[in-house]
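> The primary structure of each chain is shown beneath.
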Amino acid sequence: MSPLELARFAAGALRGHRLRAGLSVAGVAIGIAAVVALTALGEGARAYVVGEFAALGANLVIVLPGKTETTGHAPLGAAERDLTLDDYRAIVQRVPLVRQAAPLAAGSETVRWGERSRAVPILGTTAEFLKVRRLRVASGRFLSPGDPDQGGAEIVLGPALARELFGAANPLGEVVRVGQWRFKVVGVLAPRGRSLGFDFDDLAFVPVRTAMRMFNRSSLFRILVDCHRSDDLDRVKRDILSLLKERHRAEAVTVITQDAMVSAFSSILQALTLALVGIASVSLAVAGVGIMNVMLVSVAERRAEIGLLKALGASNGQVLAAFLVEAVLLSGTGGVVGVVAGAALVRGLVQVFPQFPAVPPAWAVAAALVLALAVGIVFGVWPARRATALDPVAALARR
Amino acid sequence: MIRLEDIWRTFPMGGGEVHAVQSVSTSFTAGEHAALVGPSGSGKSTLLHILGCLDRPTKGSYFFEGREVARLGEDERTRLRRFRIGFVFQFFHLLPRLTAQGNVELPMLFAGTGREERRERARRALDRVGLLGRAHHRPDQLSGGERQRVAIARAVVMNPSLLLADEPTGNLDRTSAAEVMALLEEMNRDGLTLIVVTHDPTIAARAARILRMDDGRLVEESGSAAGVSLQARVDLPKGARSP
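Order-wise, the sequence lines are chains A and B. Quick note, the working numbering runs 101 ahead of the 1-based positions in the first sequence. Quick note, the working numbering runs 204 ahead of the 1-based positions in the second sequence.
Simulated from the structure, these hints should not be mistaken for laboratory data. All values reported here derive from a predicted model rather than from experimental measurement. For each residue, glycine too, the CB sits at the ideal point set by N, CA and C. Some hints could be false.
SDA-like mimics (lysine to any residue), calculated; alpha carbons at most 20 Å apart, straight line [what the hints assert, rightly or not]:
{"hint": "1", "chain 1": "A", "residue 1": "Lys338", "chain 2": "A", "residue 2": "Thr185"}
{"hint": "2", "chain 1": "B", "residue 1": "Lys263", "chain 2": "A", "residue 2": "Val494"}
{"hint": "3", "chain 1": "B", "residue 1": "Lys263", "chain 2": "A", "residue 2": "Asp492"}
{"hint": "4", "chain 1": "A", "residue 1": "Lys338", "chain 2": "A", "residue 2": "Thr358"}
{"hint": "5", "chain 1": "A", "residue 1": "Lys285", "chain 2": "A", "residue 2": "Gly241"}
{"hint": "6", "chain 1": "A", "residue 1": "Lys285", "chain 2": "A", "residue 2": "Asp248"}
Okay, the calculated bits of chain B under chain A, using three or more residues with CB under 8 Å as the criterion [said to hold, decoys possible]:
{"hint": "7", "stretch": "271-283"}
{"hint": "8", "stretch": "287-299"}
{"hint": "9", "stretch": "393-404"}
To list a few chain B residues with every Cβ distance to chain A over 10 Å, as calculated [what the hints assert, rightly or not]:
{"hint": "10", "residue": "Glu221"}
{"hint": "11", "residue": "His253"}
{"hint": "12", "residue": "Pro311"}
{"hint": "13", "residue": "Gly316"}
{"hint": "14", "residue": "Arg358"}
Make the full structure from the sequences, and use the hints.
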């Protein structure tokens, strides 16, 4: 008896009691739909948070001047080691696996155009910053590439700052004053909004050397290093530390990665997802008991049929298989219906909250289907064994 | 072909035991037509189930085509039921969800016969019982006699050597009963060994040999001419065969 014929035979038997079969299919479908939908939501939450970090550049190594430790009295003259543009150049040239890096000098200053003025953070950097921080330019261009030591009098405005100063006017080519310095506006950034607490819309970018001169700084605020792969982060971090140690003759810098924080968030949310799925699975166990009940009733009702099948030369194995396949058909159909319903549910939710990236992950769909089949097998075995244990003579004696 | 030696079948009941079959010894030759008669509870059905490998004797030896089947493994007994023995029941036992054709195909389904061959052989078997035109009717669309004829087609579709019929006419009117018996006898004339359990003397009278059971024992064996009154034979349209 081929598996296909077995399935056809079992399906024929199920058609005999459609309502009962339909209800147990619905039981499994609800459980599976819950598993699929909750996994999609949990995974969506995780993807959302990880995406937020990735938007900032998840493969980022950040170099800070000085060691992060609390000191009581700093001994006189024990100046914090500067992080210089030479350090930046050395990192770019000598550390392997670095995709690109950008120096950062920061300060705050008032930007004026005509009568209007606005105090905003001023970031001094180079052309690479755009890519390192995944920013986009709405009009004009970003800072021009070239030697970071060169400086220059160009400025790129955040969209909020541009709107506040210029209103509807086109800022490109206009000259603004920052403190006593004059800059020509070369570009306006695309809106980015707040990202993990920092507003990328209300600020301005100038060449790094100019910013250091403006704020009278000898040290950079940060060096941002972008790696190709997150696996490289540790290696790059080590290389930068040893490079700077060699240059400064002391461990005078701190190197941090974002990736540690990302993975912490990610694993918390993963645990949450698993907990949700665990709760949903309870409903599957309930559905399984439902299937078992249906199959037991079916075995009791079809005693004569089972006896007949044996008299006609069906082996115990074939009778067992026929009833088991019935249970698996019930749960498998429930699984497929559940996956479709769960996916539809998630789709509907995404229509209402479009910013939330909830999609049932492929592994969850696969796991749900396997789970459904397992429910059929586990809860179908006992009724099927009862069917084979039936005495064919007793079964045939009645009509 | 069949030899029974001191067959006992005992069922536990309450605190004690019930001897459904007690010390039955007899034999059947290939192509024989025998009737097994006796009152309800006399053990004739139990004996039939033992003959059909559906039940095992508690004690004794059962040789089927030279093999001691009472001690065969379940797989071997399943193969015997599948290939060598056909059953016809009082309540037909057709699966209501399958067509006549589907019901006749059932034994071949378990035997793993290919789809095309199954269809062809089922059609031939249905043709043989005169129901080819009803192949696609479900049991509830067939009359009682037609149902039993479908059941006969199903019983013989595997070309068994033994056909066991348990009250095959018990649920049929006279005309249908006569038709069904004629059909069974036709199969018998083609070489099939036929054993019919019945308590209808007119049906029993058609058999070449009658075995009477009472209280689990085989009490009387006779040819049909000796065992049945003349009157019963006159009633029958075709007459029973004489030994």
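> Run every hint past the structure and note whether it holds.
Consistency of the hints with the structure:
1. Our distance criterion of 20 Å between C-alpha atoms is met by lysine 338 of chain A and threonine 185 of chain A, whose separation comes to about 18 Å.
2. As the CA atoms of lysine 263 of chain B and valine 494 of chain A are separated by approximately 18 Å, the hinted pair is consistent with the 20 Å bound.
3. Taking the CA atoms of lysine 263 of chain B and aspartate 492 of chain A, the gap is about 19 Å. The hint holds against a cut of 20 Å.
4. Taking the CA atoms of lysine 338 of chain A and threonine 358 of chain A, the gap is about 8 Å. The hint holds against a cut of 20 Å.
5. For the given pair, lysine 285 of chain A sits about 12 Å from glycine 241 of chain A by alpha-carbon distance, which is consistent with the 20 Å threshold.
6. About 19 Å separates the Cα atoms of lysine 285 of chain A and aspartate 248 of chain A, which keeps this hinted pair within 20 Å; it holds.
7. Counting residues of the stretch 271-283 of chain B whose CB lies closer than 8 Å to any CB of chain A gives 4, which reaches the minimum of 3, so the coverage claim holds.
8. A count of 7 residues in the stretch 287-299 of chain B with a Cβ less than 8 Å from any Cβ of chain A is obtained; the coverage claim is therefore met, three being the minimum.
9. Restraint check on the stretch 393-404 of chain B versus chain A: 0 residues with Cβ-Cβ distances below 8 Å, three needed, restraint violated.
10. Annotated as non-interface, glutamate 221 of chain B keeps its C-beta farther than 10 Å from every C-beta of chain A; the closest such distance is 17 Å.
11. With a minimum CB-CB distance of about 5 Å to chain A, histidine 253 of chain B fails to clear the 10 Å threshold, and the non-interface call is violated.
12. For proline 311 of chain B, the requirement that its beta carbon stay farther than 10 Å from each beta carbon of chain A is not met, with the minimum near 5 Å.
13. With a cut of 10 Å on Cβ distances, glycine 316 of chain B falls inside the contact zone with chain A, its closest approach being about 6 Å.
14. At roughly 7 Å, the least C-beta separation between arginine 358 of chain B and chain A is not larger than 10 Å, which violates its mark as non-interface.
In summary, the structure is inconsistent with hints 9, 11, 12, 13 and 14 from the numbered list given earlier, while agreeing with the others.
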